[in-house]
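All chains should be built: construct the whole structure from the sequences, respecting the hints.
Number of protein chains: 2
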Amino acid sequence: MLAAVETAIADQADIVCFGELATTGYPPRDFLEFEDFINSSNELIEKLTEASKDIAIVVGAPRVNPVAEGKDLFNAAYFLAEGEVKHVYDKCLLPTYDIFDEYRYFEPGSNFEIVHYKGKKIALTVCEDIWNIENENPLYTICPLDQMMPAKPDFIINVSASPFNYNQADTRIGILKENVARYNLPMFYINHVGAQTQIIFDGGSLIMSPSGKVFEEFNYFEELQKSFNLDEVIQADSENRQNKEKIEKIHDALVLGVKNYFGKLGFKKAILGLSGGIDSAVTAVIAARALGPENLRVLLMPSQFSSDHSVNDARQLAENLGIQYDIIPIESAFKTFEKLLETQFKDLPFNVTEENIQARCRGLLLMAMSNKFGNILLNTSNKSEMAVGYGTLYGDLAGGISVIGDVYKTEVFQLAEYINKDAEVIPQNSITKPPSAELRPDQKDSDSLPDYDILDTILFEYIEKRKGPKEIIAMGYDEKLVRRILRLVNISEFKRHQTAPVLRVSPKAFGMGRRMPIVAKYLS
Amino acid sequence: MLAAVETAIADQADIVCFGELATTGYPPRDFLEFEDFINSSNELIEKLTEASKDIAIVVGAPRVNPVAEGKDLFNAAYFLAEGEVKHVYDKCLLPTYDIFDEYRYFEPGSNFEIVHYKGKKIALTVCEDIWNIENENPLYTICPLDQMMPAKPDFIINVSASPFNYNQADTRIGILKENVARYNLPMFYINHVGAQTQIIFDGGSLIMSPSGKVFEEFNYFEELQKSFNLDEVIQADSENRQNKEKIEKIHDALVLGVKNYFGKLGFKKAILGLSGGIDSAVTAVIAARALGPENLRVLLMPSQFSSDHSVNDARQLAENLGIQYDIIPIESAFKTFEKLLETQFKDLPFNVTEENIQARCRGLLLMAMSNKFGNILLNTSNKSEMAVGYGTLYGDLAGGISVIGDVYKTEVFQLAEYINKDAEVIPQNSITKPPSAELRPDQKDSDSLPDYDILDTILFEYIEKRKGPKEIIAMGYDEKLVRRILRLVNISEFKRHQTAPVLRVSPKAFGMGRRMPIVAKYLS
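First to last, the protein sequences are chains A and B.
Heads up: the first sequence begins at 1 in our numbering, then just goes up one per residue.
Heads up: the second sequence begins at 525 in our numbering, then just goes up one per residue.
Check before you lean on any hint, since a few could be wrong.
[As the list claims (entries may be wrong)] Taking lysine-lysine and the DSS-like style, the derived pairs with C-alpha atoms no more than 30 Å apart in a straight line are:
id: 1; chain 1: B; residue 1: Lys-863; chain 2: A; residue 2: Lys-268
id: 2; chain 1: B; residue 1: Lys-863; chain 2: A; residue 2: Lys-339
id: 3; chain 1: A; residue 1: Lys-264; chain 2: B; residue 2: Lys-1045
id: 4; chain 1: A; residue 1: Lys-521; chain 2: B; residue 2: Lys-577
id: 5; chain 1: B; residue 1: Lys-870; chain 2: A; residue 2: Lys-268
id: 6; chain 1: A; residue 1: Lys-339; chain 2: B; residue 2: Lys-1045
id: 7; chain 1: A; residue 1: Lys-372; chain 2: B; residue 2: Lys-859
id: 8; chain 1: A; residue 1: Lys-264; chain 2: B; residue 2: Lys-1019
id: 9; chain 1: A; residue 1: Lys-335; chain 2: B; residue 2: Lys-870
id: 10; chain 1: A; residue 1: Lys-339; chain 2: B; residue 2: Lys-750
id: 11; chain 1: A; residue 1: Lys-508; chain 2: B; residue 2: Lys-896
id: 12; chain 1: B; residue 1: Lys-859; chain 2: A; residue 2: Lys-269
id: 13; chain 1: A; residue 1: Lys-335; chain 2: B; residue 2: Lys-859
id: 14; chain 1: B; residue 1: Lys-994; chain 2: A; residue 2: Lys-71
id: 15; chain 1: B; residue 1: Lys-773; chain 2: A; residue 2: Lys-521
id: 16; chain 1: B; residue 1: Lys-793; chain 2: A; residue 2: Lys-335
id: 17; chain 1: B; residue 1: Lys-859; chain 2: A; residue 2: Lys-346
id: 18; chain 1: A; residue 1: Lys-508; chain 2: B; residue 2: Lys-595
id: 19; chain 1: A; residue 1: Lys-71; chain 2: B; residue 2: Lys-595
id: 20; chain 1: A; residue 1: Lys-335; chain 2: B; residue 2: Lys-896
id: 21; chain 1: B; residue 1: Lys-1045; chain 2: A; residue 2: Lys-259
id: 22; chain 1: A; residue 1: Lys-339; chain 2: B; residue 2: Lys-994
id: 23; chain 1: B; residue 1: Lys-1045; chain 2: A; residue 2: Lys-269
id: 24; chain 1: A; residue 1: Lys-177; chain 2: B; residue 2: Lys-595
id: 25; chain 1: A; residue 1: Lys-226; chain 2: B; residue 2: Lys-788
id: 26; chain 1: B; residue 1: Lys-896; chain 2: A; residue 2: Lys-521
id: 27; chain 1: A; residue 1: Lys-495; chain 2: B; residue 2: Lys-783
id: 28; chain 1: B; residue 1: Lys-1019; chain 2: A; residue 2: Lys-480
id: 29; chain 1: A; residue 1: Lys-346; chain 2: B; residue 2: Lys-896
id: 30; chain 1: B; residue 1: Lys-577; chain 2: A; residue 2: Lys-495
id: 31; chain 1: A; residue 1: Lys-495; chain 2: B; residue 2: Lys-896
id: 32; chain 1: A; residue 1: Lys-53; chain 2: B; residue 2: Lys-1045
id: 33; chain 1: B; residue 1: Lys-1019; chain 2: A; residue 2: Lys-268
id: 34; chain 1: A; residue 1: Lys-521; chain 2: B; residue 2: Lys-750
id: 35; chain 1: B; residue 1: Lys-571; chain 2: A; residue 2: Lys-470
id: 36; chain 1: B; residue 1: Lys-870; chain 2: A; residue 2: Lys-470
id: 37; chain 1: B; residue 1: Lys-863; chain 2: A; residue 2: Lys-346
id: 38; chain 1: A; residue 1: Lys-444; chain 2: B; residue 2: Lys-896
id: 39; chain 1: A; residue 1: Lys-71; chain 2: B; residue 2: Lys-1045
Keep in mind that the hints were calculated from the coordinates and are not lab data.
See the structure below:
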């Protein structure tokens, strides 16, 4: 941050802006309950205050509530200038839904004074504060900018931590346009870039003219610093938009998510199991792009139920990517466990137990490689199978981070096609063959699940749209099928509770944004 | 609930009371976002309304907010009588900390009218509403009972969902006494009994006289229905208290927690690995008491590093409990994996990888038994090792529910002594020998961790009391040790993220009440 301040000074900027809770990262979660942690953030604000002698600095940080009544902290935006704290604005609208827990920590602000600086008046706001235009958002009863308008500000600054999902950039621009249309003021919207485990901040900071034109839309998934001339922003009358399709956005978000998860943990190397199927193939490509092919290692672990083409497809992919691969057949391990359990299992028939033993032998081998060589295991499960519990806990559900756990199977196919758009990276056979776990002879996903087109639509209606069984059945789906799928989702909660954090790319991902009981009777 | 209404009518009661959100269970979590789920609860309220022709029914349930502005729901207490909804009170103080997420779903109530029924005036409140006496709780700015007092109520009803921790019963009685001292009114305090996965409701409903005497303290951890005569409560002048020590409370809570986890999932049988150590021994005793010894099965899985006495201690415990046990040595499995990985591992020295392979072979065998016979695997890790990451993901950290994951090692010893108070259930040798994971020759926990007395104190200061390193060092602990332990806690967050839900018995348990970043630089 101090380096960015230097750059801004060299650029002759008057103000340099950072995002929401920039001193702590967003979200700091229960670290906020540690006085020692807040002290560290305050020390950073002191350093930035000292650095503000030749430039104004806008920076988000937690602020201790000086009053005993109410929560201990505010989610504040500091305005630092001339080596002093010139102004502090406390966020008023505190999102407490999906992945957001702000009311757990913060007291809503109620002071709507504006900032006076170098002859200009600035309406300084934090993220959600601009999301209640004309009080039409039912969650809130106050519109902070409406409160500030009597003071006649010259422009608006909003410091945000607005996480990515594949709809979010369009939603954000829509919200900014509505604000600008209402107030006729230039808007400087600053968003974070980078992933914190599950949550991916896509950047895309925005500068908007008072006429509602996008003067600048920052590149997404990329850290950038730029300076703007207020007069130019005011006069702008042409629209400068980025243009990315949904699947490209998801791809770029996942690459950033993997890259930052490793970078922030201080790890470089990943490992995963390549089955020859499309899920592990797509995961491997994303990992290779995030970490470099030299940092990805894969295991091919055929069993007696694996088809030859699976091993060939996996090997072909590894060669296409230029990644190190080892082939370790698991039959001897499987047989050892069969033998160890023969007294207990006697003549009981082969069932899901034996399927799970195979998956867990693979999980064990991958984790052994992970432990020995320091490669983090990547989970390769997709959202459709995570939803219905089609996966083995401690087996193929193992891993430090779930790369495509928020990507439905039908979207995984789209990702594979996007990856192959210029050249065949993923062998076509991995894409076209019928999906199979290959854990028993001639097994196909379609033996136990409906077609993914149908499954994914029903899941989307239930998970993303929160429709109940009656509403989904009324859309024309078979009642028995709908009830079976919804039941599978609910009874698989215990599995999802124990799986890796999932990179979030949709408006409703498994994980911290979807909090479900594990023991419950509803639809189960 | 309908049966309880019948019983109350047979008792000639005027009012029958159920707990907070009794129609949905507490907490219903994101089910509350499903219209279909709310409709189900409303149907239940309709049925109870019909059943209220001959008795008044007080029952907690979500209520749809009729106004567009604000959250969609209230956390309400219905007063049903004469076949009608006579009154609805909406909870005003919404806990949003630790395990509580109420502001995620509910709008705070702001109507403080009281109930008129059979010539009496009733102050009806929900749980947290009575926890802001004289506005001294800094979290809130309203005291609902203060608002109701001008209407001169005759008594107070509070319907609660107040989860157990080993301090909570005393805290609750203290709060009730303060309320009664302030208002001089009889208090009827109704709490839930039973566990919802991690959260254990201990019951202990309370009837208090206007002079502040405990007229009745319901048995803890037991579903009970009793009728009381208001005049007798008013005139009561002697105190009737239960008396349980902390360790007995924890024991009883864990037994109920295990019992309800299985009962609510529709499972009967458990499995776990007995190592001969104290953690698995205590877990086994609790499971046998919760489910019956006939429903518990254990595996003894010695490796080449296991001592003879470990197997003997484990066998002795199994015999003392009368539970089925099998001995399955894991050496052949371990050797199979060594062989499978010899090309990759070459001559690299034995390290934590090989320790983890052993733990995962055991996890695999336990899960195979679980899958084949329908026994849920119980996790046996204690809070001290969960805290510092001393355990193998997908190995000894596997399991459907963590029984003692909120019990520090020093408390596990106390539990073992409590269990053995009348007769030796747990072999004394399991209690007295130095703790060891037995994953390499002559390994002891003390090789890599400080004495548990010291470790647990530092962990308690950090986890329960949220003190920072400086404050803990100032208590007299070695700086290097403190920093090392706090770092271990923080960098092990990725493991805890993937482990089973932990039965909560302390004021700060791992799980939904402690939400920490996985990638973070703070103290790591």
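How the hints compare with the structure:
1. B:Lys-863 with A:Lys-268: Judged against 30 Å, a Cα distance of about 27 Å means the pair holds.
2. B:Lys-863 with A:Lys-339: Holds, at roughly 17 Å.
3. A:Lys-264 with B:Lys-1045: holds (8 Å)
4. A:Lys-521 with B:Lys-577: OK: Lys-521 of chain A and Lys-577 of chain B at ~29 Å, within 30 Å.
5. B:Lys-870 with A:Lys-268: holds (22 Å)
6. A:Lys-339 with B:Lys-1045: Violated, because 46 Å separates the two Cα atoms, which is more than 30 Å.
7. A:Lys-372 with B:Lys-859: holds (16 Å)
8. A:Lys-264 with B:Lys-1019: Judged against 30 Å, a Cα distance of about 16 Å means the pair holds.
9. A:Lys-335 with B:Lys-870: Distance of about 24 Å is within 30 Å: holds.
10. A:Lys-339 with B:Lys-750: The given pair, whose Cα atoms are some 57 Å apart, is violated under the 30 Å limit.
11. A:Lys-508 with B:Lys-896: Violated, because 34 Å separates the two Cα atoms, which is more than 30 Å.
12. B:Lys-859 with A:Lys-269: holds (27 Å)
13. A:Lys-335 with B:Lys-859: With a Cα-Cα distance of about 13 Å, the restraint between Lys-335 of chain A and Lys-859 of chain B holds, given a limit of 30 Å.
14. B:Lys-994 with A:Lys-71: Between Lys-994 of chain B and Lys-71 of chain A the Cα gap is close to 24 Å, so the pair holds against 30 Å.
15. B:Lys-773 with A:Lys-521: holds (28 Å)
16. B:Lys-793 with A:Lys-335: Holds. Lys-793 of chain B to Lys-335 of chain A sits at ~27 Å (cutoff 30 Å).
17. B:Lys-859 with A:Lys-346: holds (24 Å)
18. A:Lys-508 with B:Lys-595: Given that 30 Å is the threshold and the Cα spacing comes to 19 Å, the pair holds.
19. A:Lys-71 with B:Lys-595: holds (20 Å)
20. A:Lys-335 with B:Lys-896: holds (16 Å)
21. B:Lys-1045 with A:Lys-259: OK: Lys-1045 of chain B and Lys-259 of chain A at ~16 Å, within 30 Å.
22. A:Lys-339 with B:Lys-994: violated (55 Å)
23. B:Lys-1045 with A:Lys-269: holds (19 Å)
24. A:Lys-177 with B:Lys-595: holds (26 Å)
25. A:Lys-226 with B:Lys-788: Between Lys-226 of chain A and Lys-788 of chain B the Cα gap is close to 57 Å, so the pair fails against 30 Å, i.e. violated.
26. B:Lys-896 with A:Lys-521: holds (24 Å)
27. A:Lys-495 with B:Lys-783: Given that 30 Å is the threshold and the Cα spacing comes to 20 Å, the pair holds.
28. B:Lys-1019 with A:Lys-480: violated (38 Å)
29. A:Lys-346 with B:Lys-896: holds (11 Å)
30. B:Lys-577 with A:Lys-495: Violated, because 45 Å separates the two Cα atoms, which is more than 30 Å.
31. A:Lys-495 with B:Lys-896: This hinted pair holds, its Cα atoms lying about 17 Å apart.
32. A:Lys-53 with B:Lys-1045: holds (29 Å)
33. B:Lys-1019 with A:Lys-268: holds (19 Å)
34. A:Lys-521 with B:Lys-750: Holds. Lys-521 of chain A to Lys-750 of chain B sits at ~27 Å (cutoff 30 Å).
35. B:Lys-571 with A:Lys-470: holds (21 Å)
36. B:Lys-870 with A:Lys-470: Not OK: Lys-870 of chain B and Lys-470 of chain A at ~59 Å, beyond 30 Å, violated.
37. B:Lys-863 with A:Lys-346: Given that 30 Å is the threshold and the Cα spacing comes to 27 Å, the pair holds.
38. A:Lys-444 with B:Lys-896: holds (22 Å)
39. A:Lys-71 with B:Lys-1045: The hint holds at about 25 Å.
Consistency note: the structure conflicts with the earlier hints numbered 6, 10, 11, 22, 25, 28, 30, 36.
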